[in-house]
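Trainee: Here's the letter readout for the chains.
Number of protein chains: 2
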Amino acid sequence: LDTPSKGAYAPLTREIIDRIRENIGERFVISDPERMDHYSGDATELRCCPELVVEPTSKEQIQALFGLANDFHFPITPRGLGTGLAGGCVPWSGGVVLSLAKMNRILSIDTENLIAIVEPGVINGDLKRAAESCGLFYPPDPASLDTCSIGGNAATNAGGASCVKYGTTRDYVLGLEAVLPSGELIQAGVRTRKGVVGYSLAQLLVGSEGTLAVITQLILRLIPRPPAVSGLVALFADLPSAMRSVTSVLTRGHIPSAMEFMDRRCLGLVRGLLPFDGLDRTGALLLIETDGTPEAVEKEMERIGLICLEGGAENVFMAPDAIKRARIWEVRRRISLRIEENAQVYIPEDVVVPIGRIADFVSCLSEIEERFDMKIYTFGHAGDGNIHLNITVENRQTLGRVAEGIRVVLEKVLAMGGTISGEHGVGLVKKRFLPLELSPVSVRIQNEIKNTFDPLRILNPGKIFEQCAGG
Amino acid sequence: LDTPSKGAYAPLTREIIDRIRENIGERFVISDPERMDHYSGDATELRCCPELVVEPTSKEQIQALFGLANDFHFPITPRGLGTGLAGGCVPWSGGVVLSLAKMNRILSIDTENLIAIVEPGVINGDLKRAAESCGLFYPPDPASLDTCSIGGNAATNAGGASCVKYGTTRDYVLGLEAVLPSGELIQAGVRTRKGVVGYSLAQLLVGSEGTLAVITQLILRLIPRPPAVSGLVALFADLPSAMRSVTSVLTRGHIPSAMEFMDRRCLGLVRGLLPFDGLDRTGALLLIETDGTPEAVEKEMERIGLICLEGGAENVFMAPDAIKRARIWEVRRRISLRIEENAQVYIPEDVVVPIGRIADFVSCLSEIEERFDMKIYTFGHAGDGNIHLNITVENRQTLGRVAEGIRVVLEKVLAMGGTISGEHGVGLVKKRFLPLELSPVSVRIQNEIKNTFDPLRILNPGKIFEQCAGG
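The listed protein sequences derive, respectively, from chains U and B. Under our numbering, the first residue of the first sequence carries the number 1, and numbering increases by one thereafter. Under our numbering, the first residue of the second sequence carries the number 1, and numbering increases by one thereafter.
For reference, chain U alone in the conformation it holds in the complex (with noise of 0.2 Å):
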């Protein structure tokens, strides 16, 4: 990883933080050190602490921002959350970090359009129980769905388990606005399921990692919210005979609403929360979902469940009731914090291999483990392909030869025919690695975009595929 580096920025002087304090308002600043804290970082390790948070409510306040940074050309990173785990949000050139936690307004939810319309603030679960109060739904669930904002969604175009059948966050903006670095506001896409006037500046932004614009409002699309949900758990004594029963499912003409799986080694640091017996042999867990009518709910979970005996599942539990599917996720959702809380040094990848391509590829992963020195636990949405490894290190004196094993672990996935992050993004931490998926031609064209809305480079700089001095 490249060193913080202030690069080509003057530091914010007094005088430039006064201007800022007088154009925002004393009250949305802070540059206490001791709470400037919370910003300097995500959910990665690194930490990079900004020389002042700007913490607004109004568009025309990130406008402000923006003129006097275009004035004085010092750095802004946007931030939603923090939950993030690329380091998109961590201020690596210092700077302002732009908080957009307090534009936390759902503005509308318009259940005679489908649509919501909402600040980038927004907690993700908040507007999934504002839908689900109208009788609708909104689809994408992120793991840190309870934490995590819709703003950060957007930028990082965040996924989640429902993917396999509801697609990420991409497939519900429909609109937005957003400041451009030059501080113009700029109005992009539509509040209707169609339209196709110019280019899909909406799409483009949407992934983008704030290196592009400020996301001040978004138009998300709502769905009718499904009656019925039901679900299974198969447990398996491998995890390839997971992953191809996983397949079959998909491949007989079943589109589950999940797909979940956790490996031996998850299972280990999870199985006493889990609301079922007998996990101490197991070497794989299915959690599969279906949503819909009752009735087409019910005889589709008998079917799959049959799939998953005739793939050599060695138990099935079938529909858990709702407690027992609370539980399940909270646990499914909180793995990688258990990983963490118990490794030295926790690397979280984010890997996505064609579907029928699972199982191979999660049979090769042992012998790199052993090869690298490396622990993998592996879990993750296993009905997109979207594997999370979590390579856990016992030793930071090793971590030469891991960060080779991780290299040697991606190209494989590429030979695959895949993708080295299917939710997390590139931001610092896959940006060495980008080369490895991206040709040259397509980065210069992604540097030229980013030329065309941020010249000067000062929103969010050194992330993605941009080197870090930046200016």
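Keep in mind the hints are simulated off the structure, nothing from the lab. A hint or two may mislead.
The list treats identical chains as interchangeable, and a pair is accepted whether it falls inside one copy or across any two copies.
Taking lysine-lysine pairs in the DSS-like style, the calculated list, with each CA pair at most 30 Å apart, reads [claimed, not checked]:
id : residue 1 : residue 2
1  : LYS375    : LYS431
2  : LYS412    : LYS59
3  : LYS431    : LYS412
4  : LYS59     : LYS128
5  : LYS431    : LYS6
6  : LYS128    : LYS6
7  : LYS128    : LYS324
8  : LYS299    : LYS128
9  : LYS412    : LYS375
10 : LYS102    : LYS324
11 : LYS102    : LYS59
These figures come from a predicted structure and were not determined experimentally.
Let chain U serve as the given structure and place chain B on it in line with the hints.
Mentor: Same frame as chain U, but now just chain B:
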């Protein structure tokens, strides 16, 4: 509309044409004026004869063509199968038409990974049938599905009747390969359901109307084929009540796989072709379909039928058999051709309004018809608010007033929160109305993105927001 203009482009000299023949191969070049006529327009009235047509079978030939265009500065206009409704493939600045019609191979239908890899000239319906024969489903279904190309669908982000449930072409493009105006090849996107490495160039190219790059290969997502489809036809006394029923169905938890409508005028043209009696006094027809498991589909159709009756339907014909369904769709998909046959001048508009406003919107059309001496045939995709307004004019001398009327309609659409194009795109025909929807800032950013991809302005000049002069 601008008049065709060579702008700053030099004519294609004999020397240049010879170089193209040498580099691309004699048999891939068409220069006979009669044969070239076929490549001069699309499904609009717009025509402009190219100076040369190149119809290659490989990406290397396309790269070579762009190499020459860079050297000699001539414009290249890419073309799928010419079914567009916005003039997007009309070579308005002369130069070379690059036809993708012969790059029409389905390279693979991968049943294990649920993807198709295709060349851009593949006909939409051919891909649909190839997927179906493997138990899979490629949903996007523009009315021209038996004559339009997948490459053209991606270039325009084509929608169709199934959008209400399944989305548009954008939702099925996982990745693509394209030739940039520089002649370089680029891979964008992934082969998997998820992928967040770098800016989403694939999503930017989708809907860019062939102005940023020429797509040479597409990786498309397929889904399991729904085991059953059922439908109903509901007849209403007037269009607003039909549209109120559409909103009721959608806000009461249903997601039909199609919700098409036609108004009294359209029915007047096709009444005799439909397999139903009693259409004489019908003011509007709704065709609603759902797909899924047989048991779910049947129950859902019953509920939707009841909602239509509650909403004032005068008659509901449940579950037409396969022959009737095919007939209804044939009639529905040919309406625009029938309207065109019966008109002096035919202008297809393609607006979208929020679904809660559809009834209000169609209610105001008759006043506009009278005021501006035009006749509006209304049909389209009620479920996503995408209303095809087919305007016919008896007398070319009133075209000025009609243009004024169209502007009034589009302004009303935008005031309601809609968009001026849901499927057709901007091309040449909506350029003059673009500033109604997009701000100068948005247009400037789009122009700069165009410049990033095509600094010499050799690819499809004069389209969307670009002045026609080129160069």
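Trainee: Evaluate each hint against the coordinates.
Mentor: Each hint tested on the structure:
Taking CA atoms no more than 30 Å apart as the test, LYS375 paired with LYS431 passes inside one copy only; the shortest distance there is 23 Å, against 58 Å between copies. Only between protomers do LYS412 and LYS59 lie at most 30 Å apart by alpha-carbon distance; the minimum there is 27 Å, versus 44 Å within a single protomer. For a Cα distance limit of 30 Å, the shortest separation of LYS431 from LYS412 inside one copy, 18 Å, qualifies, whereas the shortest one across copies, 47 Å, does not. In the homo-oligomer, the alpha carbons of LYS59 and LYS128 lie at most 30 Å apart inside one protomer (24 Å), although the nearest pairing across protomers, at 45 Å, exceeds that limit.
Taking the closest pair of Cα atoms, LYS431 and LYS6 come within 30 Å of each other only inside a single copy of the chain (18 Å); across copies the shortest separation is 45 Å, beyond that limit. Neither within a single protomer nor between protomers do LYS128 and LYS6 lie at most 30 Å apart by alpha-carbon distance, with minima of 39 Å and 54 Å respectively. For the homomeric pair LYS128 and LYS324, the shortest alpha-carbon distance inside one copy (20 Å) is at most 30 Å, but the shortest distance between copies (41 Å) is not. Proximity of LYS299 and LYS128 under a CA criterion of 30 Å is satisfied in both settings, with 27 Å inside one chain copy and 28 Å between copies.
For the homomeric pair LYS412 and LYS375, the shortest alpha-carbon distance inside one copy (17 Å) is at most 30 Å, but the shortest distance between copies (61 Å) is not. In this homomeric assembly, LYS102 and LYS324 never come within 30 Å of each other (Cα to Cα): the closest approach is 35 Å inside a single copy and 56 Å across copies. In this homomeric assembly, LYS102 and LYS59 come within 30 Å of each other (Cα to Cα) only inside a single copy, at 11 Å, whereas the closest approach across copies is 50 Å.
The earlier numbered hints that this structure contradicts are 6 and 10.
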